[in-house]
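**Q** Put together the whole structure using the sequences plus the hints.
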Amino acid sequence: MRMWFVCRFCCPAAQSNSNPEWEAKVLEYFKGQLREKESHSWVPSLNDVPLHYLKPNSLVKFRCLVQDMFDPEFYMGVYETVDPSTKANVLRCGKYKDVTECGVDLNSRNTVTAERQTFYCVPIPGESPWAKEISFLSARVVPSTSYVPSRQKRSYEEDDDDMDTQPQKQREPHTVMMGGGGEHPHGNGDSKRQETEAPSSQTTAPSDCSSHLDLNFPLPGERGPACLVKVYEGLDSFKLNDTLEIYGILSVNPVLTVIVYPHRDPSLLLLNPTESMETPEEQRAHDPPASLVPRLHMLYARPLQHNNPLLPSAPTEDQSAFVSSFLVEMASVRAELLAYLTHVLLGDGLAAEYLLLHLISNVYTRRDVLPLGKFTLNLSGCPLNSYTERLYQIVQQLVPCSYRLSMSLHTMNSMRLVPKKDYVANRLVSGALQLARNTSLFLDETQLEQGQLDSSGVRNITALGNLISWQKVDYDFSYHQMEFPCNINVLVTSEGRSLLPSDCQVPLQPQVTPPNMEEYLTTIHMAQFTSQINKFRVYLSLARTLDYSISDEVTKAVEDDFVDMRKDDPQSVTAEDLHRMLVVARLLSLSLGQTTLSRDGWMRAKHIDMLRRSRTEQQKSLNGNEP
Amino acid sequence: MPRSSVHLLCISQRHGGWDQKSQIWTHQTKGQISTGVMSFACVSCAQASLFLLVSFSSGFYASPLNILPSEVDMSSPLMYGTPSSRVEGTPRSGVGGTPARQRPDLGSIRKAPQVDLHSEPPSADGAVASEQALGQKLVIWGTDVNVGTCKEKFQRFLQRFIDPTSNEDENAGLDLNEPLYMQKLEEISVVGEPVLNVNCSHVQSFDADLYRQLISYPQEVIPTFDMAVNELFFERFPDSILEHQIQVRPYNALKTRNMRSLNPEDIDQMITISGMVIRTSQLIPEMQEAFFQCQVCAFSTCVEVDRGRIAEPAVCRNCNTTHSLALIHNRSAFSDKQMIKVQESPDDMPAGQTPHTTIVYAHNDLVDKVQPGDRINITGIYRAVPMRENPRQSNVKSVYKTHIDVIHFRKTDEKRLHGLDEDSDQKLFTEERVQILKELASKPDVYDRLSSALAPSIYEHEDIKKGILLQLFGGTRKDFSQTGRGNFRAEVNILLCGDPGTSKSQLLQYVFNLVPRGQYTSGKGSSAVGLTAYVMKDPETKQLVLQTGALVLSDNGICCIDEFDKMSDSTRSVLHEVMEQQTLSIAKAGIICQLNARTSVLAAANPVESQWNPKKTTIENIQLPHTLLSRFDLIFLMLDPQDEAYDRRLAHHLVALYYQSEEQIEEEFLDMAVLKDYIAYARTYINPRLNEEASQALIEAYVDMRKIGSGRGMVSAYPRQLESLIRLAEAHAKVRFSDKVETIDVEEAKRLHREALKQSATDPRTGFVDISIITTGMSATARKRKEEVAQALKKMIQSKGKTPAMKYQQLFDDLRGQSEAAITKDMFEEALRALADEDYLTVTGKTVRLL
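Keeping their order, the protein sequence lines are chains A and B. Numbers 1 to 627, taken from UniProt numbering, label the letters of the first sequence in order. Numbers 1 to 851, taken from UniProt numbering, label the letters of the second sequence in order.
Keep in mind the hints are simulated off the structure, nothing from the lab. Note that the Cβ used here is the ideal one computed from N, Cα and C, for glycine as well. Check each hint, because a few of them may be wrong.
Said to hold, decoys possible - Pair ranges (Cβ atoms, derived):
#1 A:D564 - B:G373: 53 to 61 Å
#2 A:L235 - B:E692: 55 to 63 Å
#3 A:A335 - B:P350: 40 to 48 Å
#4 B:D368 - A:V458: 34 to 42 Å
#5 B:H626 - A:Q509: 43 to 51 Å
#6 A:L235 - B:E243: 42 to 50 Å
#7 B:P350 - A:S455: 40 to 48 Å
#8 A:R109 - B:N330: 39 to 47 Å
#9 A:M603 - B:E431: 42 to 50 Å
#10 B:A208 - A:L235: 31 to 39 Å
#11 B:G373 - A:V458: 18 to 26 Å
What the hints assert, rightly or not - Partial pick of chain B residues on the chain A-facing surface, computed with a CB cut under 8 Å:
#12 I267
#13 Q269
#14 A384
#15 T402
#16 P719
What the hints assert, rightly or not - Computed list of lysine-lysine pairs in DSSO-like fashion (alpha-carbon distance at most 30 Å, straight line):
#17 A:K567 - B:K615
#18 B:K615 - B:K740
#19 B:K401 - B:K438
#20 A:K472 - B:K566
#21 B:K784 - B:K707
#22 B:K184 - A:K87
#23 A:K472 - B:K676
#24 B:K616 - B:K784
#25 B:K616 - A:K567
#26 B:K750 - B:K616
#27 A:K556 - A:K567
#28 B:K807 - B:K795
#29 B:K794 - B:K784
#30 B:K401 - A:K420
#31 B:K758 - B:K566
#32 B:K758 - B:K707
#33 A:K239 - B:K676
#34 B:K443 - B:K478
#35 B:K786 - A:K420
#36 A:K420 - B:K369
#37 A:K420 - B:K750
#38 B:K758 - B:K786
#39 A:K567 - A:K606
#40 B:K758 - A:K567
**A** This is the structure in C-alpha cells:
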C-alpha cells in the first residue's frame with residue numbers, strides 16, 4: 001500500500017495531455033484501491049494524526065461535517081509555464097493543487113480554466129471521546145512519516161480522564177526535529193506546530209496571524225483540525241451539514257500561509273481589483289494559514305450514515321453479515337441495556353424504556369413539512385444537583401455524538417444557537433444547532449431559573465421549539481432566513497413539564513433515593529465492562545439503521561383498535577396520540593430487532609403508552625393546576 | 001503572431017464615443033504584433049477612408065491621425081493618444097460636440113489580451129489594394145464582429161423595432177406601434193439623460209445573429225452600438241446637448257439566469273443574473289490614466305492603466321533623464337467604482353446548500369444605484385482575473401478571482417413602492433412545462449386533484465384545503481381608481497379556528513413552504529412593528545432605512561399568522577387596513593408613506609377555552625373583534641368530528657403515512673413542484689372575467705342569501721359577502737386556466753362559502769346560519785333577547801311606582817325572580833346600559849336612579 005505516492009502521477013499525466021480521460025481514470029484507480037479490504041484503514045486520518053506528522057501532498061482521510069460552502073472558484077486546470085531546467089514551454093496540471101509552479105504564462109492559449117468549490121469542514125461536532133479513541137486505535141497506520149507507533153496514545157487531554165496522557169515534554173524534541181522535514185521544506189514548521197497543538201493557549205503567535213483565528217466550530221470548546229476541502233466532482237451531491245469521510249490530497253504549502261494584508265501595499269490596493277475585493281475578515285476566513293487550516297483536495301468522499309467506529313461504515317456485504325450476526329443477540333443486549341438504564345434512572349423501568357426508544361429514534365422520512373420518526377423525550381421530575389449532568393455523561397458514553405446544552409438564563413441569552421451568515425467575512429458563523437445527523441442533543445432545563453429572556457433568548461427558545469417540532473433550523477441570512485432540515489435527537493430534562501414542546505413526556509418516578517447521587521451513578525457506570533458498553537453502543541447505532549414495515553393485516557388491526565378506543569371516549573385518544581403510538585410501536589419493534597410490526601408489538605406499544613399517560617395524568621392531578 | 005500582416009481597423013475619434021486609438025498602443029506594448037506591416041482602416045468615415053501602412057517596431061507609437069507613416073515624427077507630442085475621458089483634450093466631433101465618456105464597465109478595451117483587429121480571409125492578406133472592397137470583411141480580432149455591419153444592423157434595429165405586445169413598465173406612455181427605440185431616443189433628447197437601455201430579447205427577436213454577437217463579444221459590440229446610436233441620434237437631433245455621448249446599456253440577456261449556473265464558459269460574455277445585494281462598498285476612485293511629470297524638464301506624459309497596473313516610464317522622452325518622472329495625483333484621471341456583493345436569491349437555490357455570492361463592480365453613474373437588501377437583475381460582463389503575481393514568488397495560487405462588470409441594474413422589487421406592475425418577477429416556464437400544466441388543467445377533476453395534493457399529510461378537511469387552494473390562486477385584480485373606489489381586493493383571506501392539535505399549524509407551515517412570497521409569523525411573537533414596517537438607522541451609513549415587516553414582505557404572497565387570537569390588540573388593528581385596502585400607511589420618524597401589502601392572510605386561531613364550545617358562537621369562542629372577522633372571506637372550523645367512519649379513515653391515513661414508501665406517495669399525489677408551477681402560472685397568465693351567466697348566477701346567489709334572513713327579520717348577507725363570492729369564483733376559474741368565470745365557478749364558490757358559513761356562522765341557539773354573528777359580532781336572536789330583557793326591566797321599574805333610586809343588587813334579584821328565563825349578570829348590565837342610553841336612568845356605583 002503506497003497509495004499516497006500514487007497521487008504524484010496524476011500531475012505528470014496531465015502534461016502529456018494526450019489522454020483526456022486521465023482524470024476519470026485517476027478517480028477510478030483511487031476508488032478501486034480504497035474499496036479493497038481494509039485499505040482505507042491504511043490512509044492516515046487528519047482526525048487522529050497531528051498535522052505536522054503528515055507529509056504534504058500525501059493521501060489522507062478526514063471524517064468531518066460540512067460547515068460552510070464557499071463560492072465556486074475558477075482555477076487554472078492546465079497552464080503553461082517554462083521549465084526551469086530545460087527552458088522549454090511545458091503544460092502543467094493545476095488540478096488537486098493550490099499553487100502553480102514557476103511562472104505562469106497568463107496569456108497562453110493553452111490555459112484551461114476549470115471550476116471547483118471549497119467546503120469548510122470541521123470534525124463532527126460533539127463526537128464522543130470514546131468514538132474518537134476507538135477510531136484512532138483501529139487505524140493501523142503509521143503514515144509514511146516518522147510518526148512513531150508508540151505515540152499512538154496521543155492525548156485527548158481535555159476529553160477523558162481514563163486515557164493515558166502522553167506527557168507534553170516527551171513530544172517536544174521530536175517535533176522540532178521534524179519541523180523542517182518533508183520534501184517541501186518550509187521555514188515556519190516550528191510555529192506551525194505551536195498553532196496546531198495549542199490554538200487556544202497560544203500567546204506568542206507568529207506575526208502574520210496575530211489576530212485570533214476563529215475556526216468556527218459549531219460547539220464551544222471543540223478542537224481539532226478544520227479543513228478547507230476543494231471539491232472537483234459532484235458538487236450538487238453535497239449538502240451543508242453532511243457528514244463525510246473525505247479522501248484527498250493534503251496541501252499545506254507555506255505560500256498559502258502568507259496572508260497578504262492590504263495595508264502592506266496601499267498603492268496596489270487602489271489599483272488591483274483583486275485586492276480590494278476582500279475585507280481582511282474575509283481573507284482570514286477564506287484563506288487562513290495552511291498550517292492551521294490545511295487544504296484537502298478531494299478525490300473521493302463517502303457519506304457517513306453514522307460515525308460509530310464499532311460498526312462497519314460502508315454498506316457492503318460484511319456489514320449485512322455483521323447486522324445479521326448481531327440481530328441474534330439483539331434481544332439480550334436490549335435487556336441488559338434496559339437494566340442498566342433502569343439503574344441509571346433510579347430504578348424507573350418505564351422511563352428507561354422510553355429513554356432507550358428515544359436513543360434509537362431517527363427521522364427516517366419527511367412528508368411535506370412533517371418529519372416522521374422523531375421522538376423528542378421530555379424527562380420531567382429530574383432530581384436536581386448535578387443528576388442531569390451525570391445522566392448526560394452516561395448518555396455520552398453510549399452514543400457517538402452528543403451535546404449537552406445547559407439551558408441557564410445566561411446561556412440562553414448569550415449563546416448563539418442558530419448559525420448566522422456573516423456578510424463581512426462572507427462565511428456562515430456556526431451555532432450550536434449546526435449538528436450532524438443523529439446527534440443527541442441533551443437540553444438541561446433544570447438549569448433554568450426565573451428571570452428575563454432578552455430578544456436573543458426568545459429567538460433561541462423559538463429555534464429550539466422549531467427544531468423539536470419540525471426538525472429544522474432556520475439559518476439567519478440577515479435579509480432572509482433559510483430552512484435547513486436536520487435530524488437531531490432531543491432529550492429534555494426538566495423539573496416540571498418542559499416549556500419546550502416534546503413528542504412524549506415521562507415524569508421520572510425514582511424507586512431508590514441514594515444518599516449520594518454521584519457515588520451511586522459512578523458505581524453503576526464502573527460496574528459495566530467496556531465490552532458490555534461497546535455492545536450497547538453497537539446496539540443503539542444498529543437498531544437505528546434497520547428497515548421497518550407494517551403489513552396490511554396489522555394496519556387493519558391498528559385501525560380497528562383506534563376506532564375502538566375512540567368509541568369509548570373520543571377525547572382520550574386523538575390523532576396526535578395515534579401519531580405517537582405509531583412511532584413508539586416502530587421504535588419498540590426495532591429495539592427488539594424486529595423489522596415488521598406485529599400485533600404483539602402494537603399491543604405492547606399501546607400498553608407502555610397507557611402506563612405513561614396514567615403517570616402524567618397522576619402528575620396533573622397532583623399538581624392540580626398544571627395545564 | 002503568425003501572420004505577416006495585420007489589418008487594423010481604426011475608428012477615428014470623430015465618429016463615436018470610443019477611444020479606439022489606445023487600442024493600438026496596448027496592442028503594441030504587449031508585443032503581440034511583432035512583425036510585418038499593419039494597415040489601418042477607418043471604415044466609419046467613408047469619405048476619408050484612410051489606410052495607413054505602418055511599418056512597425058516595438059517602441060513605436062502609431063498615430064491615428066491622417067498622416068503618412070513615413071512622416072511620423074517620433075518626438076511629436078501627437079504621438080500620445082489624447083484620452084477621451086478628459087473633456088478638454090477631446091476633439092470636438094461632428095456630432096454636436098458632445099464629449100464621449102469612457103466606459104469602464106466594458107473594461108477598458110486595452111486590458112483585454114485578445115482584443116485585436118485582423119482580416120478574416122487569409123487569402124486577402126497583403127492585398128492592400130483591395131482593402132476597400134474587403135471593407136465588409138474586416139472583423140475585430142478574436143471575434144466575428146464586423147464593425148460596419150454590426151453598426152448598420154443595430155441602426156436598423158433601432159429604427160425599425162416594434163413590439164406591440166410590450167408590457168414593460170419602462171415603456172409606459174410610449175406608442176407601441178411606433179419604433180420603440182426611436183421614441184426612447186426622442187425621450188433622451190428631451191430629458192437629457194444619455195443612456196439607452198436596450199432589451200436583449202428585442203435584439204434577439206429582431207436579429208438573432210446580432211444578439212449572439214452581443215452576448216459573446218459584449219466588449220466589442222457594445223461600443224459599436226454606442227457609435228451607431230450616437231450617429232443616429234445626432235443626425236436626428238443635431239441641436240441636442242447632452243452631458244456626454246449616449247451609452248447603450250443592454251439588459252435581459254437570456255444566456256444565464258442563475259448565479260449557480262455560471263461557469264468558465266461564461267467568462268467575458270454578457271450575462272444576466274438575479275440576486276440580492278448584501279453589501280456595497282464605499283466609492284473607490286479608480287485611476288484610469290496616470291499623469292507623470294518630469295522633475296527635470298517638466299515634460300508631462302500620460303500613461304493608461306493596463307490591467308490594474310501603471311507602467312511607469314523609466315526615461316523622460318524629452319530630456320532623456322532616467323527615473324525623473326513623478327506621478328501627479330490631481331492631474332490623473334479617475335473614475336468612480338463601487339464594489340457590490342450580490343447573493344443568490346433564495347428561490348434559485350437547491351435545498352440544503354448555502355447561497356453563492358458574486359462580486360459586482362459598478363462604474364460611474366451606476367455607483368450607489370442599489371442598496372443592500374435590494375433584489376436586482378444584473379446585466380454585465382463576467383470576468384476572471386488571475387490572482388496577483390508576487391514578483392518575489394515564482395509559485396502563485398492557481399485561482400482566478402471572478403467578478404461582474406455591471407452594465408445595467410434592474411431592481412425587481414422596486415415596484416412594490418409604486419404599484420405599477422402586475423407581476424414583476426415573472427417566472428419563466430419552459431415550453432414542456434407549460435404543456436404539462438395545460439394538460440393538467442384540461443382534466444375535468446383538476447380542482448379535486450390540486451386540493452388533494454395540498455398538504456397530503458393532513459387528513460381530510462377537503463373543504464378547507466379547497467378554500468386554501470382558491471386562496472393560493474386569488475381573484476382577479478381590478479382597478480377602479482378612476483371611478484374613485486380604488487383597488488378592489490383580489491386576495492382571499494381565510495381564518496381557521498378550532499381545537500388545538502387539529503394540524504392547523506401544519507397547514508400553515510405547508511402553505512408557507514409552498515408559496516414563493518410566503519411569510520410565517522406567530523401571533524404571540526409578533527408586534528405591530530414586526531408585521532408592518534419600521535424605520536431603522538443603518539449602523540454603517542447612519543441613514544434612516546425603512547425595514548419592512550412580514551405583511552409587506554408577503555406582498556403578492558400569503559402571510560400565515562399562527563395563534564391569531566394571542567395577538568395583542570394594537571397589532572391586530574394594523575390588519576384592518578391591510579385586509580381590506582391592501583395597503584399599509586406609515587408615519588414614523590419623518591417617513592410618511594403608503595406601502596402596498598397585497599397579501600392574503602391565512603390565520604389560525606384557538607378557542608379561548610382551549611376546547612371549542614359548541615354552545616357558543618364563533619365570536620364568543622375566539623373572542624376576536626367582528627370588524628376583523630368580517631374581513632375574512634372564509635372562516636373554517638377545524639373540529640374533531642367524533643364519528644366512527646371518520647376515525648377509521650383517519651387511522652388508515654395515519655398508518656399509511658408511516659409505512660408507505662416515498663414512491664407510493666409520489667404516485668398518489670401531485671409533486672409539490674408541479675403544484676407550485678401551476679399556481680405561479682395561473683397567477684401570472686390567467687385573468688378571468690365574469691361572463692353574462694356567471695354575473696346572473698352571482699346576483700341570484702346574493703339575492704338568495706339576503707332572502708334567507710329576511711324571513712326572520714334579519715340581514716343575512718352584505719355586499720362584502722358578494723365580493724367574497726366573486727373572488728372565489730374567479731379563483732376557481734383560475735384553477736381551470738379559464739379566462740371566463742362561468743356558472744360552475746359560481747356554483748363552487750357558493751358551495752364553499754355556504755360550507756364555511758355553516759360552520760362558523762351558525763347560531764348555536766337557533767341552529768340557523770346567521771351572518772350577523774360575523775358582521776356585527778352578535779346574532780340577531782341575541783340582539784332580540786337583549787331588547788326583551790331591557791323592556792322587561794323597564795316595565796318592572798315602572799311597576800314599582802315612583803321610586804327615584806334603587807339598589808342595584810335588589811333590582812337584579814327582582815328581575816331574576818320575575819323572569820322565567822335565566823338572567824345572567826351580564827344580561828342585566830346590558831339591559832341597564834340600554835336603558836341608560838335611552839336616558840331613562842343612570843347607574844352610579846351601586847344605585848340606580850331614574851331620570
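**Q** Hint by hint, say whether it matches the structure.
**A** Status of each hint after checking the structure:
no. : hint                        : in the structure
1   : A:D564 - B:G373: 53 to 61 Å : 57 Å, holds
2   : A:L235 - B:E692: 55 to 63 Å : 57 Å, holds
3   : A:A335 - B:P350: 40 to 48 Å : 45 Å, holds
4   : B:D368 - A:V458: 34 to 42 Å : 36 Å, holds
5   : B:H626 - A:Q509: 43 to 51 Å : 49 Å, holds
6   : A:L235 - B:E243: 42 to 50 Å : 46 Å, holds
7   : B:P350 - A:S455: 40 to 48 Å : 32 Å, violated
8   : A:R109 - B:N330: 39 to 47 Å : 41 Å, holds
9   : A:M603 - B:E431: 42 to 50 Å : 57 Å, violated
10  : B:A208 - A:L235: 31 to 39 Å : 32 Å, holds
11  : B:G373 - A:V458: 18 to 26 Å : 24 Å, holds
12  : I267                        : 7 Å, holds
13  : Q269                        : 13 Å, violated
14  : A384                        : 5 Å, holds
15  : T402                        : 6 Å, holds
16  : P719                        : 37 Å, violated
17  : A:K567 - B:K615             : 23 Å, holds
18  : B:K615 - B:K740             : 42 Å, violated
19  : B:K401 - B:K438             : 44 Å, violated
20  : A:K472 - B:K566             : 24 Å, holds
21  : B:K784 - B:K707             : 19 Å, holds
22  : B:K184 - A:K87              : 59 Å, violated
23  : A:K472 - B:K676             : 21 Å, holds
24  : B:K616 - B:K784             : 17 Å, holds
25  : B:K616 - A:K567             : 25 Å, holds
26  : B:K750 - B:K616             : 25 Å, holds
27  : A:K556 - A:K567             : 17 Å, holds
28  : B:K807 - B:K795             : 17 Å, holds
29  : B:K794 - B:K784             : 16 Å, holds
30  : B:K401 - A:K420             : 25 Å, holds
31  : B:K758 - B:K566             : 25 Å, holds
32  : B:K758 - B:K707             : 16 Å, holds
33  : A:K239 - B:K676             : 23 Å, holds
34  : B:K443 - B:K478             : 28 Å, holds
35  : B:K786 - A:K420             : 58 Å, violated
36  : A:K420 - B:K369             : 27 Å, holds
37  : A:K420 - B:K750             : 48 Å, violated
38  : B:K758 - B:K786             : 24 Å, holds
39  : A:K567 - A:K606             : 16 Å, holds
40  : B:K758 - A:K567             : 26 Å, holds
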